[in-house]
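Participant: Taken in sequence, the protein lines are chains C and E. Under the working numbering, the first residue of the first sequence is numbered 33, with each subsequent residue one higher. Under the working numbering, the first residue of the second sequence is numbered 1234, with each subsequent residue one higher.
Because the hints were derived from the structure by calculation, they are not lab data. If you're wondering where the values come from, they're calculated on a predicted model, not measured in any experiment. Be careful, since some hints might not be right.
Over 10 Å on every C-beta distance to chain C, these chain E residues come out as not near it, computed from the model [to be verified]:
1. Leu-1392
2. Ala-1403
3. Phe-1501
Reference listing, derived: stretches of chain E covered by chain C, where coverage requires no fewer than 3 residues with Cβ under 8 Å from a Cβ of chain C [to be verified]:
4. 1317–1326
5. 1454–1465
Just so it is clear, CB atoms sit at the ideal spot from N, CA and C, and this is done for glycine as well.
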Amino acid sequence: MTLLRRNWPWLLALVVLLAFPFLFYDWTRGRHSGFVLTLMSEIGVMAIFALSYNMLLGQAGLLSFGHAVLFGLGAYCAAHTVNLVKAGTIWLPTELVPLAGGLGGLFFGFVLGWLVTKQRATAFAMITLGLGELVSAAALMFMGFFGGESGITINRVMDTSLLGVRYTSPWQVYCLVLAWAFVAAALMRLQMQTPLGRMANATRDNFERAQFVGYDPRRVRWMQFTLAGFFAGIGGGLYVMIYEIVTFDTVSAVKSANALLAVYIGGAGAFFGPVLGTIVVVLLQSGVSLLSNAWLLYVGVLFIVMVMYAPVGLAGLLGMHAPIWRGGRLRELLLPYLRALPPALMLLLGFVLLVELASFTTIGAAQGKRFAIAGHAVDTVSPVPWAIAVAALAVGALWLHREARALRERWDTLMEDAKRRAGAP
Amino acid sequence: MEVLVVSLLNGLVYGMLLFMLASGLTLIFSMMGVLNFAHASVYMLGAYFAYTISLYVGFWPALILAPLLCGLIGAAIEMWGLRRVHRHGHVAELLLTFGLALIIEKVVQMTWGLLPVPYRIPELLDFPLFRVYGTQFPAYRAFMLLISALMFGAIWLGLRRTRVGLVIQAALTHPEMASALGHNVPRIFTLVFAAGTALAGLAGVIGGNYQVTEPAMAFTMGPIVFVVVVFGGLGSLAGCFIASILMGLVQTFAVVFDVSLADLLAKFGIAVTSSTPFAEVLNVTLPRVGALLPFLLMVLILVFRPRGLMGTRDT
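Can you make the complete structure from the sequences, with help from the hints?
Facilitator: Right, here's the structure in full:
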C-alpha cells in the first residue's frame, strides 16, 4: 500500500499514457491513429534517450556531444540481433530485443568509456564530439556492420513472442515501448540512489574532494558512462522496433544535440525534467516542422530563451513554485500570471508572424508555396503584414515587461512569506 | 614530386584559412573558457555579407565592411548574451552559442535562400599567378595567403608589443589579478570577442569565394575549427598556427594518396583477403578517411596530452 502511495505519479502517468491514444481513436473504422501512436512511441524512445543522457549531464556533470553514438550502436546491435533470430541462428523473445540493444550499448559504453572518461569537463565534451564525428563517418564507410547509407532493415514481426503478440500494429509496438520506457525509467530512478549514483553527484560537485575521500573519479565516470550506454542502447533497440530500419542518422550529431536540447529545456536538475523536455522537443520537431519551414529557428530561440531566463529548465521552473504551494498561497500568483498571458501571446504571435513572413518571402517563394492565414492568402511583400508583426512584437514586449515587473514583486513577497514560515515552524 | 608541391601549396592555403578562423576562437576560448559554437556561423555570415556588399560597391570595400559588421555582431552577442549567462557556468554559455548557431543558420537560409549564392572571386585577382609542373596556381590563393599572413603578423605584434595586447594576455591567464589592477576585464572580454568574430568574418570574406557560399558552410567548417583549437592547446597562438597548418596539410594530402592499410601490409608480404579479420577496416583507402583524420588526431591528443600541442593549461 505504501508502495502505491509513494509511486502514484508513475501509475497515473501509465494510465494516462495508455488512455491517451484513444482520444484519437477512429471509432467508425475501429483503428488507432497511426500518426499519434508513432509520435508517442517516438516520445517514449527519446525520453529514455534523454533520461540516459541526464545520467551524464545532470548526475555526473559530464557534457557529452556524442551520446547518440551509444544510442545508435545499440540500435545497430538490436537490428543485427533481430536478423540473426530471423535466420534461426539464435533464439530471443521479441520482447527482449531492446535488451539486446541495451547490452550493445553497455558494451560500447564500456569500450568507448575507457577512452572518453580519462578526461572531464571541456576535454570530455570535445572528445565525445570527436568520437561522434568518427563513428558517424565510420557508419557510412563500413558496410558490414552499418550497411552504409541505406542502413540495416529488419522485419519486426517474429514468431518468438513470449506473449503471443506479433507486433504488426503500431498499438502493439506502442505498448512495448511504454513497458520498456517505464522499466528503464524506474531503473534509472533507482540508480540515482545507489552509491554509484551518489558518487557521480559528488564528483560533479567537488571532484577533488571526492578524490580525497578515496574514490577514483575516473572509475565513477566510467561506470556511469557505461550504464548510460546501457539505457541509451535500450532506447536504440526500441527505435529499431518502431521504424524497422536503422541508418547512420541514429549516431549523428543531430541526434546527440536532440538529447542535449531535451534535457536542457526540460531541466537537468529534476528526474522528470528530461521527459518534459523530450515531449516539447519531439512535438516541436514533428508538429511544427509540418507547419513551418522555420521550425529550427523556433527551437533555437526557445533554447536561447531557456538558457538566458530559465537555466533550471521547465521542471526547475515548476519546482520553484513548491515552497509557495506548500504555504497554500499559489492562488495569489494566478492573477499576475493571467495578466502576463495576453502580452506574452501577443509577443509570440508577432514573432511567429514576422518569422513566417520572412520565411515565405524567400524559402516559401522558392518552393512555390503561398502564405495563407485561415485560407486567406497574405501578400508577403506588402508592408502591411510586416507592420502588424513588428507592432505586435514591440507592443507585446513593452507590455510584457510591465506585467513581468508586477509578477516579480508578487513573487518576491510570496517567497519572503514562504521563507518566514519555513524559518519559524 | 608534382603532386607533392601542389598539395603542399593547397594545404597551406587551406591551413591558413583554418588559422584565421581558429585564431579568433582560440583567443575567446582561452580567455573566457567558452567554446563558441557560433564562430563558424559568423564565418558564414562574413561570406554572405561580403557577397551582398560586393553586389553594390564591389569586393574591396566588402573586405573591410563585412568583418566590421561581424565584429559588431560579436560584441552584441558578448554584451547581451554571454555576459548574462556567465553566472550560470560554462555549460550555459556554450549552449547559448549553440542556440545562436541554429538561429544564424536559419536566418541565413531565410535571407539568402537555401541554394549557394554566386559569390565570385574579384576580377582583378582572377588569373593564374604561376604554373607548377603544368598546374596553375590562382592568384586569389596567393592573395589569401598574403591576407592571412598579414593578419597573423598583426595579431602577433598586437599581442606582444602593444599595451592593449599585454593587458589581454594578462586577462587571459589571470583575469582576477588584471581586474584588481584596475583594468576593465569585461570590456576586454567584449573587445576580444568582437575581434575574434571580426577575424571569423574576414575569413568568411576571403574563404566564401574560395569554397562555396551556402547555408551548410558553417556546419562543415565548425567541427574542424574546434579540432584545430583543441589540438593546438589553450592560450597558445603558436600552437593554434601549427595545428591549423597541420590539419590543412593532413586533409589535402589525404585526398591525394590513394592507399590503404592493406597496401601497407602487402609491402611486408601479408596479403589481406576478405576472410582476414578487420578486412573492411584494412581496405579503406586514405581519401575516404581524410575527413576523419582531424577528429582522430584530436581524440588521441586529448587522451594522451589534454593540454594540446602547445597549451599552457588543461582544457
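Participant: Each hint: holds or not?
Facilitator: Evaluation of the provided hints:
1. A cut-off of 10 Å between C-beta atoms confirms that E/Leu-1392 is not in contact with chain C; the least separation is 23 Å.
2. A cut-off of 10 Å between C-beta atoms confirms that E/Ala-1403 is not in contact with chain C; the least separation is 22 Å.
3. For E/Phe-1501, the requirement that its beta carbon stay farther than 10 Å from each beta carbon of chain C is met, with the minimum near 24 Å.
4. Given as covered by chain C, the segment 1317–1326 of chain E passes the check, having 6 residues with a CB less than 8 Å from a CB of that chain where 3 are the minimum.
5. Counting residues of the segment 1454–1465 of chain E whose beta carbon lies closer than 8 Å to any beta carbon of chain C gives 4, which meets the minimum of three for the stated coverage.
Against the hints set out earlier in the document, no violation occurs for any number.
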